[in-house]
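Engineer: As a plain string of letters, each chain reads:
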Amino acid sequence: MTGRLIPREAGIHPPLFTPTYKTSVLRSPERALISFDSSPSEETGPTFGHMKLGALDNDLLLNYARPGTSAIGERIIVHGRLLDENNRPIPNALIEIWQANAGGRYRHKKDGYLAALDPDFGGCGRTITGEDGSYAFRTVKPGAYPWPNGPNEWRPAHIHFSIFGHSFGQRLISQMYFEGDPLIARCPIAQTIPDKAALDRLVAALDMGETKPMDAIAYRFDIVLRGHRQTHFENRPEGL
Amino acid sequence: MVQKFDKPILTPSQTAGPYVHIGLAPEACGIEDVPFETLGREIAGPEAKGDRIKITCRVVDGGDLPLRDCLVETWQADAAGIYPGQEGADPAVSGFGRMPADFTTGEIIFETIKPGAIALSGDRKTPPHISFWIFARGINHGLHTRMYFPEDDLSGDPLLARIEHRDRIATMVAEATGPGEYRFDIRLQGAGETVFFDI
Ligand SMILES: [Fe+3]
Numbered sequence: 001m002t003g004r005l006i007p008r009e010a011g012i013h014p015p016l017f018t019p020t021y022k023t024s025v026l027r028s029p030e031r032a033l034i035s036f037d038s039s040p041s042e043e044t045g046p047t048f049g050h051m052k053l054g055a056l057d058n059d060l061l062l063n064y065a066r067p068g069t070s071a072i073g074e075r076i077i078v079h080g081r082l083l084d085e086n087n088r089p090i091p092n093a094l095i096e097i098w099q100a101n102a103g104g105r106y107r108h109k110k111d112g113y114l115a116a117l118d119p120d121f122g123g124c125g126r127t128i129t130g131e132d133g134s135y136a137f138r139t140v141k142p143g144a145y146p147w148p149n150g151p152n153e154w155r156p157a158h159i160h161f162s163i164f165g166h167s168f169g170q171r172l173i174s175q176m177y178f179e180g181d182p183l184i185a186r187c188p189i190a191q192t193i194p195d196k197a198a199l200d201r202l203v204a205a206l207d208m209g210e211t212k213p214m215d216a217i218a219y220r221f222d223i224v225l226r227g228h229r230q231t232h233f234e235n236r237p238e239g240l
Numbered sequence: 001m002v003q004k005f006d007k008p009i010l011t012p013s014q015t016a017g018p019y020v021h022i023g024l025a026p027e028a029c030g031i032e033d034v035p036f037e038t039l040g041r042e043i044a045g046p047e048a049k050g051d052r053i054k055i056t057c058r059v060v061d062g063g064d065l066p067l068r069d070c071l072v073e074t075w076q077a078d079a080a081g082i083y084p085g086q087e088g089a090d091p092a093v094s095g096f097g098r099m100p101a102d103f104t105t106g107e108i109i110f111e112t113i114k115p116g117a118i119a120l121s122g123d124r125k126t127p128p129h130i131s132f133w134i135f136a137r138g139i140n141h142g143l144h145t146r147m148y149f150p151e152d153d154l155s156g157d158p159l160l161a162r163i164e165h166r167d168r169i170a171t172m173v174a175e176a177t178g179p180g181e182y183r184f185d186i187r188l189q190g191a192g193e194t195v196f197f198d199i
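Sequence lines, in order, name chains S and Z.
Position 95, counted from 1, in the first sequence is what the UniProt record's numbering calls 95; the numbers after and before it change by one each time, with no gaps.
Position 51, counted from 1, in the second sequence is what the UniProt record's numbering calls 51; the numbers after and before it change by one each time, with no gaps.
The shape of chain Z in the complex, shown without the other chains (with noise of 0.2 Å):
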């Protein structure tokens, strides 16, 4: 016998189910008289630094059908790569979105600033990217992923460098659609599954 470790059992994760958006964002699913706002509405204020972006997503299951009833959640640095939270970063940002799909169409489109490159120790950086946070019914444990740049070069990216595949990439990153302008689809299954993290 040994010493043991006195670790709890961490609390196991469950589907958020269809009926999450009464917690997480009650005005899209017909609360009137919510008792308190939604968070995650304002990614980056109107004093924020930086190129405003738009992004437009869709999550897609592996019948090809988008998901109506998902949210995702949302993490980002400032302009200058900077993490709300760390010295320095820029007041105007809280970095954090919460959206729901849209009932009808799946869609889910936000505005932000474009985030810096996020600086490693030594002198490495990590192409400026978003962090998804995925989340629905059907979903035992919220799905991680990240979207890159199609304007960026990600050669240098050592979360990147580890992924054998080397044509999964680019389910990570966005497609310009116009100035400012990005959609980006996340596929839960099948030809073109998005890479989703263990982090």
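Bound-form chain S, shown alone (with noise of 0.2 Å):
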């Protein structure tokens, strides 16, 4: 356990109802969601710091390829830092990614899009952050895609992050997006988040410091989890 969680700040996720993202507006509750200081069931948390990885947990590019090849579109690097909103590193931290092959096209029975398959990428990848906080994945850069919210909306090219603090309370679910791309400004889901700096945070810069020549471009993407309060007077008159 590692004390109480900093109540989130309002304005940075996005509200749950948002109408133009219609899948929303029958899966969002109606009643305010109820605040309260987090306790031990927040508090604590599953850790996989112990997780015995594969070598190629977070290597996209060759994880799901037959062997003496590697999938198909622009080779990328992405990497960054798990953080704390108190800007420490989290460490031994759970990061797992899932995105859509460099057409656009997800491995998933129930994605139809017309484009093709790639029979050596599989499209999702794991990875424990390092004493710092780092991490790091190789993969192919993700194609922008077309879905069924509108006439003619299409998704910027992304990859869908999981990531664990070290409490339950810490839980979250993203998506990081690349730096320039135009669909940003004109994506339903991107554009559910009302503040223009936190959208921000969501949109990974080129680094050209860690990009690979003759090899990679690197991406990078750092994340930042709410943190615990560092309480220096302490009173629970809840008893929590």
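Worth double-checking, as some hints may not be accurate.
Calculated cross-link-like contacts (lysine to aspartate or glutamate; reagent style EDC-like; alpha-carbon spacing at most 20 Å) [stated by the list, open to error]:
#, chain 1, residue 1, chain 2, residue 2
1, S, Lys52, Z, Glu37
2, S, Lys110, Z, Glu32
3, S, Lys109, Z, Glu27
4, S, Lys141, S, Glu74
5, S, Lys212, S, Glu179
6, S, Lys109, Z, Asp33
7, Z, Lys125, S, Asp37
8, S, Lys52, Z, Asp33
9, S, Lys141, S, Asp181
10, Z, Lys49, Z, Glu111
11, S, Lys22, S, Glu153
12, S, Lys22, Z, Asp64
13, S, Lys109, Z, Glu37
14, Z, Lys7, S, Glu85
15, S, Lys109, Z, Glu32
16, S, Lys110, Z, Asp33
17, Z, Lys7, S, Asp200
18, S, Lys22, S, Asp111
19, S, Lys141, S, Asp207
20, Z, Lys54, Z, Glu42
21, Z, Lys4, S, Glu9
22, S, Lys52, S, Glu131
23, Z, Lys7, S, Glu9
24, S, Lys141, S, Asp215
25, S, Lys141, S, Asp222
26, S, Lys52, Z, Glu42
27, Z, Lys125, Z, Asp153
28, Z, Lys54, Z, Glu151
29, Z, Lys7, S, Asp132
30, Z, Lys7, S, Asp195
31, Z, Lys4, S, Glu85
32, S, Lys109, Z, Asp102
33, S, Lys212, S, Glu74
34, S, Lys110, Z, Asp102
35, Z, Lys7, S, Asp222
36, S, Lys110, Z, Glu107
37, S, Lys196, Z, Asp6
38, S, Lys109, Z, Glu107
39, S, Lys110, Z, Glu27
40, S, Lys110, S, Glu153
I should point out that these hints are in silico values taken from the structure, not numbers from a laboratory.
Bear in mind that the values here come from a model prediction, so they are computed numbers and not experimental data.
Fit chain to chain and form the complex, with the hints in mind.
Structural biologist: So this is what it looks like as structure tokens:
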């Protein structure tokens, strides 16, 4: 247990009811969420630091590819650090990603987009953050894809991220976008985030410093989870 | 002007989308030769102490349709009310579950052990409960709720005590359907809407 969680700042996360993203209309609670100080049930959480990962778990170029080949598409490195809002690194934490292939097609039985599947690309990866909160994946840049929210709607290129901190109350799922993509401004899902500066947090920057010449372009994506209060004076009148 | 906090902006949430299974439950979406196994399949191993229970859930939308593309994650204490990672926790309990809804029925069935009451500071306790986190296409931010058990006295729970509309507490209490078997429906919207938390 790592102590009381800092309450989520209002206006960072998207509201639950966002009619321009149509599926949210019937899937969003109408009643206000009940706010409450965290308790052991939220201050503890599953940890995965001990988990044994395969050598290719964070390498989507190779982890589904037939021997001797690799996934088709623009080769990229996505790396960054997992931090809490007090700017402290979160080590030994699990990050899982999934994405479409370079043509914008998912390896999923519900995806019927006409773009071709890549036999050498599965589309999922996972890793555990290092002592300094750092992580890295190697993959292909996903393609944009159409979706039936409106008559002509396209998702910007994105990678889905699932992130654990050290407590259940820090759990987060989000999406990473790419610097300079004109579809971000037109995407009803990206635009569910009300605050422009908050949306900018989801846009990974081109990182020439980590780009491997003649090999792969790097993007940097730092992730910030809720922190725990640095409680100088503690009293818990509710007994929590 | 004052000193500035050097506080980074939180990473905002985005929906898990319809293809979440690829990353978090690959065998559910028809991926063969999955590069690694799904996590959260065993909440309590065969050696775990406590009463074994089976829970069947559904997540239902505002149009009364079960979500067939959602996932739930659960987190719970061991039979003594100790969370994994805390001192003295039962090593056979991982406490973490991750289950996709059935693509046809929307049902989510899992087995575990009944958790114990959770000690709070002083001599207070929170009655046994399992924390749920629900995510899917159309849900912009993972929804957090708890499942309590119908056989327990919930009157001492400080969290439930804060809910002004007392009739809503029932939305977090599972229904007993047989010995060690429970049903728990989560309603996202409308009549009988489940209580969700911002904790
Ligand atoms: Fe997607």
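Engineer: Evaluate each hint against the coordinates.
Structural biologist: Hint check:
| no. | hint | verdict |
| --- | --- | --- |
| 1 | S:Lys52 - Z:Glu37 | 11 Å, holds |
| 2 | S:Lys110 - Z:Glu32 | 15 Å, holds |
| 3 | S:Lys109 - Z:Glu27 | 11 Å, holds |
| 4 | S:Lys141 - S:Glu74 | 5 Å, holds |
| 5 | S:Lys212 - S:Glu179 | 18 Å, holds |
| 6 | S:Lys109 - Z:Asp33 | 15 Å, holds |
| 7 | Z:Lys125 - S:Asp37 | 15 Å, holds |
| 8 | S:Lys52 - Z:Asp33 | 19 Å, holds |
| 9 | S:Lys141 - S:Asp181 | 12 Å, holds |
| 10 | Z:Lys49 - Z:Glu111 | 14 Å, holds |
| 11 | S:Lys22 - S:Glu153 | 12 Å, holds |
| 12 | S:Lys22 - Z:Asp64 | 17 Å, holds |
| 13 | S:Lys109 - Z:Glu37 | 18 Å, holds |
| 14 | Z:Lys7 - S:Glu85 | 6 Å, holds |
| 15 | S:Lys109 - Z:Glu32 | 11 Å, holds |
| 16 | S:Lys110 - Z:Asp33 | 18 Å, holds |
| 17 | Z:Lys7 - S:Asp200 | 15 Å, holds |
| 18 | S:Lys22 - S:Asp111 | 18 Å, holds |
| 19 | S:Lys141 - S:Asp207 | 14 Å, holds |
| 20 | Z:Lys54 - Z:Glu42 | 13 Å, holds |
| 21 | Z:Lys4 - S:Glu9 | 17 Å, holds |
| 22 | S:Lys52 - S:Glu131 | 16 Å, holds |
| 23 | Z:Lys7 - S:Glu9 | 12 Å, holds |
| 24 | S:Lys141 - S:Asp215 | 13 Å, holds |
| 25 | S:Lys141 - S:Asp222 | 18 Å, holds |
| 26 | S:Lys52 - Z:Glu42 | 16 Å, holds |
| 27 | Z:Lys125 - Z:Asp153 | 11 Å, holds |
| 28 | Z:Lys54 - Z:Glu151 | 15 Å, holds |
| 29 | Z:Lys7 - S:Asp132 | 18 Å, holds |
| 30 | Z:Lys7 - S:Asp195 | 16 Å, holds |
| 31 | Z:Lys4 - S:Glu85 | 14 Å, holds |
| 32 | S:Lys109 - Z:Asp102 | 13 Å, holds |
| 33 | S:Lys212 - S:Glu74 | 13 Å, holds |
| 34 | S:Lys110 - Z:Asp102 | 13 Å, holds |
| 35 | Z:Lys7 - S:Asp222 | 14 Å, holds |
| 36 | S:Lys110 - Z:Glu107 | 18 Å, holds |
| 37 | S:Lys196 - Z:Asp6 | 19 Å, holds |
| 38 | S:Lys109 - Z:Glu107 | 19 Å, holds |
| 39 | S:Lys110 - Z:Glu27 | 13 Å, holds |
| 40 | S:Lys110 - S:Glu153 | 18 Å, holds |
When held up to the earlier numbered hints, the structure conflicts with none and fits them all.
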